[in-house]
Amino acid sequence: MKHMLLAVEGIAGAGKSTLRDRLLAAAAAEDLGLGHIGQFSWLSLPSTRTIISLRAGRPAASSEEAVAAARCDLELHARHNLASALSLGPVVADRLTLSTACRLALLHDRPVADYVHQLAEVTAARAELTVLLTTEPELCHARLSRRATSRRFGEDLPTANRLADVYEQAATAWTEATGLTVVRHTCTTGPDLDLLATTCLNRLRATDPHTARIEEPPHAPSPDAPRLLGP
Numbered sequence: 001m002k003h004m005l006l007a008v009e010g011i012a013g014a015g016k017s018t019l020r021d022r023l024l025a026a027a028a029a030e031d032l033g034l035g036h037i038g039q040f041s042w043l044s045l046p047s048t049r050t051i052i053s054l055r056a057g058r059p060a061a062s063s064e065e066a067v068a069a070a071r072c073d074l075e076l077h078a079r080h081n082l083a084s085a086l087s088l089g090p091v092v093a094d095r096l097t098l099s100t101a102c103r104l105a106l107l108h109d110r111p112v113a114d115y116v117h118q119l120a121e122v123t124a125a126r127a128e129l130t131v132l133l134t135t136e137p138e139l140c141h142a143r144l145s146r147r148a149t150s151r152r153f154g155e156d157l158p159t160a161n162r163l164a165d166v167y168e169q170a171a172t173a174w175t176e177a178t179g180l181t182v183v184r185h186t187c188t189t190g191p192d193l194d195l196l197a198t199t200c201l202n203r204l205r206a207t208d209p210h211t212a213r214i215e216e217p218p219h220a221p222s223p224d225a226p227r228l229l230g231p
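So for the sequence shown, the working numbering puts the first residue at 1; every next one is plus one.
These are computed hints drawn from the structure, not numbers from a lab. Among the clues, some could well be false.
[What the hints assert, rightly or not] Computed beta-carbon distance windows for the label pairs:
(1) Leu43 to Thr123: 17 to 23 Å
(2) Arg55 to Asn161: 30 to 36 Å
(3) Thr18 to Leu88: 34 to 40 Å
(4) Arg58 to Glu138: 32 to 38 Å
(5) Ala177 to Asp109: 16 to 22 Å
(6) Ile52 to Asn202: 21 to 27 Å
Since the structure is predicted, the reported quantities are computational estimates derived from the model, not experimental observations. Don't be surprised by glycine CBs; every beta carbon is placed ideally from N, CA and C.
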């Protein structure tokens with residue numbers, strides 16, 4: 001059985017690290033063997049230069065060059081990092097394809113769907129489940145203001161608002177391109193975090209060969225249930 005790749009996406013301060021850490025701790029307690037991996041491979045010097053520029057808010061010389069560099073890095077990531085990690089068990093990625101596509105779209109002022117479709121062609125890096133944290137940008141900004149680290153590109157409130165909209169578009173484009181599921185939900189409160197963690201853990205258990213899936217009786221969905229896109 002193929003191990004599952006789970007990607008956690010969203011703007012800075014949305015709760016990605018908090019959800020990741022909850023999942024890693026819960027999975028360890030259940031002996032699910034969940035691994036963790038970053039967004040980039042850093043294995044190509046030209047691609048690394050472009051990625052560093054994008055992370056700093058500086059667009060590449062052209063949109064074509066930028067997406068080519070991002071795709072090269074993603075292919076290397078899939079071949080040398082993701083494949084090895086997934087051979088050992090399920091993996092959670094703190095940002096992955098959608099975050100790269102959103103940054104490209106924001107800096108090059110092009111539809112994010114263009115970048116999502118191109119990056120989604122790297123099938124070995126496709127996450128079977130993507131969680132998009134839709135926490136309000138104002139709350140994300142307030143969380144970031146309490147951190148001791150300096151602010152990075154995209155963390156100011158106007159840019160965060162723009163990025164939040166682009167992420168919504170990217171999630172739709174991802175499902176259209178791949179047919180894969182995106183869970184959209186805020187990570188504002190403790191119950192939000194509990195619900196998201198439970199949703200992810202249920203999917204991880206379902207793909208773990210050593211864990212029997214616990215079936216629940218059918219019931220009407222809660223109004224607070226995560227919104228699903230895809231199968």
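Evaluated hints:
1. In this structure the hint that leucine 43 and threonine 123 lie 17 to 23 Å apart at CB holds, the actual value being about 19 Å.
2. Checked against the hint of 30 to 36 Å, the pair arginine 55 and asparagine 161 fails, with Cβ atoms roughly 19 Å apart.
3. About 24 Å separates the C-beta atoms of threonine 18 and leucine 88, a value inconsistent with the hinted range of 34 to 40 Å.
4. For the hinted restraint 32 to 38 Å between arginine 58 and glutamate 138, the CB-CB distance of approximately 26 Å leaves it violated.
5. Checked against the hint of 16 to 22 Å, the C-beta distance between alanine 177 and aspartate 109 comes to roughly 21 Å, which is consistent with it.
6. One distance hint, 21 to 27 Å for the beta-carbon pair isoleucine 52 and asparagine 202, is violated here, with the actual separation near 37 Å.
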